[in-house]
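Undergrad: Protein chains in written order, with the numbering used here: chain A, 1 to 98; chain B, 1 to 636.
Simulated from the structure, these hints should not be mistaken for lab results. One or more of the hints may lead you astray.
[To be verified] Listed below are several chain B residues computed to face chain A (Cβ distance under 8 Å; list not exhaustive):
| hint | residue |
| --- | --- |
| 1 | GLY610 |
| 2 | ARG613 |
| 3 | LEU620 |
[To be verified] Ranges of calculated distance between the beta carbons of each label pair, as one might list FRET restraints:
| hint | chain 1 | residue 1 | chain 2 | residue 2 | range |
| --- | --- | --- | --- | --- | --- |
| 4 | A | GLN50 | B | GLY628 | 18 to 26 Å |
| 5 | B | VAL626 | A | LEU96 | 19 to 27 Å |
| 6 | A | VAL28 | B | ILE619 | 13 to 21 Å |
| 7 | A | LEU96 | B | ARG576 | 46 to 54 Å |
Cβ atoms here follow ideal geometry from the backbone N, Cα and C, with glycine treated the same way.
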Amino acid sequence: MTTHYLVLSALLFAIGGAGVLIRRNAIVVFMCVELMLNACNLAFVTFARQHGNLDGQLIAFFVMVVAAAEVVIGLAIIVMIFRTRRSASVDNANLLKY
Amino acid sequence: MQSPAEIVPHSGGVIGVSWLMIALPLLGAAILLLGGRRTNKWGHFLGVAMSLGAFVVAVLSFMELLGLDPDQRRRGFELFEFIPGMVNLGMLIDPLSISFALLITGVGSLIHIYSVGYMSHDRDRRRFFAYLNLFVAAMLLLVLSDNYVGLFIGWEGVGLASYLLIGFWQHKPSAATAAQKAFIVNRVGDFGLLIGIFTIWTTFGSLAFGDLTHEVTGQASQGTLTAIGLLLLLGACGKSAQLPLQSWLLDAMEGPTPVSALIHAATMVTAGVYLVVRSGAFFEAAPTAQLVVTIVGVATLLAGAIIGCAKDDIKKGLAGSTMSQIGYMMLGAGLGPAGYAFAIGHLITHGFFKANMFLGAGSVMHAMNDEVDMRRYGALFPVMKITAVTFIVGYLAIIGFPLLSGYYTKEGIIETAMHHNAILGWLAVLGAGLTGFYMSRMVFMTFFGKKRWADDAHPHESPAVMTWPLIILAIGSIGLGAFLVLGNRFMTFLSPAVGLPADVPEPHVFGVGPAALATLALVAAGAAFAWFRYGAAQVPALAPRGSFLTTFARRDLYGDALNEALLMRPGQWLTRIAVFFDNRGVDGLVNGLAAGIGGTSGRLRRVQTGYVRSYALSILFGAAAVVGALLYVGNI
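So that you can see chain B by itself, here it is in the shape it has in the complex:
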């Protein structure tokens, strides 16, 4: 067991100006948003350039980091005092954050380039690129900050960018609703994160990652640590669409497809995994919280896979698969230092192959007049070969086809989980089998079988600006996993940031353990079943009613119904009761008082008759009363 290295104060070099990674896309977003229509012509080029600029800075920082000794590879420096005496905003460039920065800027830049083609017909392309840049900046702030406050600002920033991008086509009511749903569900998670940060501050008096080492956290009570862990996990669940806050991700597919690829597959949804790994010092000290993380991960990976099995909408199928894969990462992140490297590794390879497949799905939709129903696809392989081949590469990677990216990282998570707890391990194996089924189903329904196209569909291959990113991402999907995992390259690289487990397993080119064989067998069985159902057999163009289980999965495991029944309805009742009380109780009291006074005075003014005599009589009675009272008092 080896603890993370100390953070070394840094100055100079490329790392010294690594804040440019955040500043460049932020500047791009500011120019595009403030510049207005004047920037319409060249806005998308500026967006791409800013993203590429950030990527270059990330690569140079990475090079500089590699040039240092491993135990010197956590470089931190302060940018400015944010809250005097409490929080200083600074950058932390270490193996963990630079891995994320490379993924965000690398995949992000490819998606920027792809979007130039994908959004070329959209009148609001400039605004789209402004939001993409804003997202990249916020996400980089999230991962590069050296404390929880900076992380939280980035966290909210990506939430905002995600909201703006899901609702990008705000003229569609479904998109506007989906954006609000994503925002509101994320609020629940953010609430947990915020309370968690408050708890950390009150317990430890610091929010800097550098101060919150294992020695420091070890001194807190078990209850506090568990509470912090669970609160941070709630935040992670919101952002990473884990149970029970998963419901927004499927609706988020209303956004343009590059958004689904960038935010809801490759980068933003992995922020929760980052948070859990970055907060390892808390989770490793709180086994209960860790156990909950793994349970959430396993539950989500199964739920996502089941949902993926029944979706006919290609993007929603991919969204279910994203949920499921992030479940794997969460599982890995809950396993301590042994799982971190695989979780982050899977996150990176997943970033590649999922972005690849999402962009491939976008390419297919682009060709099929924005049709998303896979039952209207079929036999697309011959007409769009590049898209099909790259998609299939991504598909092979995600199902864990031997020697491809996903195989190494997912296998690593399953092996580690098996080592940790056999039940978790076997459930993860089951999830892998389901992945084999639903991804094969997707590929067979889209690219093979018979044509089920709409009458006016004339599919064609997408332009080069869209296919080149696909090709680059496909290459990553092939080789990245082996590169990262073999020889424990990534684990060694990551260890200064997250620590190293006591027993480092020796990775192998082709695993033959019982878990690996069972996984392969299940995946093969799933794929074969999918071929039997959707490849060889005729796929009906209209979805059949299906069994109870199919409906269950189609309705997202009744997640929305559950939310409605448990949260929305009681909330409505509460507001109705409040409205009733307000109308009848508060308003009634005020109005009743006013009416009472008004009515009484209306009757009382009748006393003023206008007859002098009656006034004189009143005076007489009054005088008599005064005299009587005086006599009475005088007698006492």
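This is chain A alone, in the form it adopts within the complex:
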């Protein structure tokens, strides 16, 4: 009965991934990353339920903690980039290359 949850999780993950690849606004990309993380959380929780143990639930908490920390750092970086370049487009921040 958990298949639907897994399908939803996969859909959310795919939407997030497509957003990361397609969108230029750093904030939106960031939100898509969060979406992917949460899709993973959903999968973890679903599998935990399916297998009847708590490991997946546990991992979901860890992922949330990491995501929260990442949001703090990531948003700070994006704000700094926006301040210096007056743009939050990830395509404009392409100086680190060959």
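Position chain B against the provided structure of chain A, taking the given hints into account.
TA: Leaving out everything else, chain B in the frame of chain A:
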């Protein structure tokens, strides 16, 4: 047939300190070379004193040797262990080595004295004497060593001294080139000698002359003995300027004239003859090698004589004559014990009359502003009588004028060769006739005829320090041959060292055999022809073009051309091919690899675009690939 005597261990006496013969000149060379300019003032006196000191030791050793019984006259003693368990350096004083030591130190001292005068205007006179002393020391080490290793060290030492002295005037490119040529050609010979010594060591396990007796060598196979003989002969050919390694000797005349006299006429070039005679135990056991020695000797004596016929440069003419005379010695040395005494005897008399003539030529050059072209000489007899008379004495000795030195020793070689093999004998007679021609030509062109001097030439007799050695050498050229040969004196003296032939011929004061008469007739004909061409007739001051044969002889029988075509050109091709392969092959591979990697990485780095999206896509593809691979593996 009598074998050489055993070597008797010796201690005490003058022979016990005979190493002084080597040490004194070596010390002189060291002082003069290390002392530098401080020794400029008295350097030449030190050089002469050291050489004379060695001569005194040699004479005293000789006296002591004469006081012993003939079969006790091989005295050996060890100096020190050179290579522990293998080679001990020691001295061997026997009739053969003491004969050489007397010649080297005696003629060497006279040439030292002469050089004091000859080199008096040279700024580098001290260095010259240092090298002369070094040469004398090395040459004495060569002949006095009791084994092949010591001999080889001396052998290389004389090669070095010869190189330094030929190139003494190194500011002249021709002298520098000649020195290198001599050194390189000698390397070929040294290579043969070295391999020969290695072969002796591996075959017999010893390098001491005392161990390598006829009984020992007789046990080796014929092939090994022939190989050893031929390798030693190659070494001898290099040092003694025998065919095919003769080409350096004529160019070596670039050195100062006393050097030509000391090294390239009287002493060093005879080292090859010494080697062959000293290695008699090998050659006598290998008839093939002996035959090759005689053939080399005859070929060289003819080649040298032909070259001598066409040279206008007085020193080069004498150099050709040296080659030719050493050819006679080689021929004698290849004839076994019967020829040894004559070969060594001729070597000693030749040392005297050739040094005499070389120094005489130096005296003439000294008087004629260093002119060497005989076509610019002529009518020098009245102005430099001592030089002329001594030169003519040497000349009479070398052509084998009856009762003079060369007559006895050369006649002995020809007679022995005739007895051994008639073809060799008659070729040697022919060579004697050629000698009569080219030496007469030299004398007539230099001392007789009309003046053809350069305008600024004011010839004068040389100072006494130069003429006295000439006079002493001339006396040796007159009497030494008869003294050595008559009554088989020298053969008897030498026999403990080299053995005695089965049938000892009875020498005569004036030979009347067919060979002797033919030789005399040919020599007289040659001299008469030379008189007709160069004495009576006008000699052109510029060399005429001459026939094909003249050009052939002037160009040293195309020896250099042959070496160039056979050795130099293929060598150049080889190096060119190697350079091409190195540039294109090896370098190409390395550079190509580096360029390939550089180019590829230059293209690959374009992948890093700086767009986060493309990185994310790569990660996605990578993750998908990993997942796909895991699924694939999981399915198997």
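Undergrad: Now tell me, hint by hint, if it's right for this structure.
TA: We went through each hint and held it up to the structure:
| no. | hint | verdict |
| --- | --- | --- |
| 1 | GLY610 | 3 Å, holds |
| 2 | ARG613 | 6 Å, holds |
| 3 | LEU620 | 6 Å, holds |
| 4 | A:GLN50 - B:GLY628: 18 to 26 Å | 23 Å, holds |
| 5 | B:VAL626 - A:LEU96: 19 to 27 Å | 25 Å, holds |
| 6 | A:VAL28 - B:ILE619: 13 to 21 Å | 18 Å, holds |
| 7 | A:LEU96 - B:ARG576: 46 to 54 Å | 53 Å, holds |
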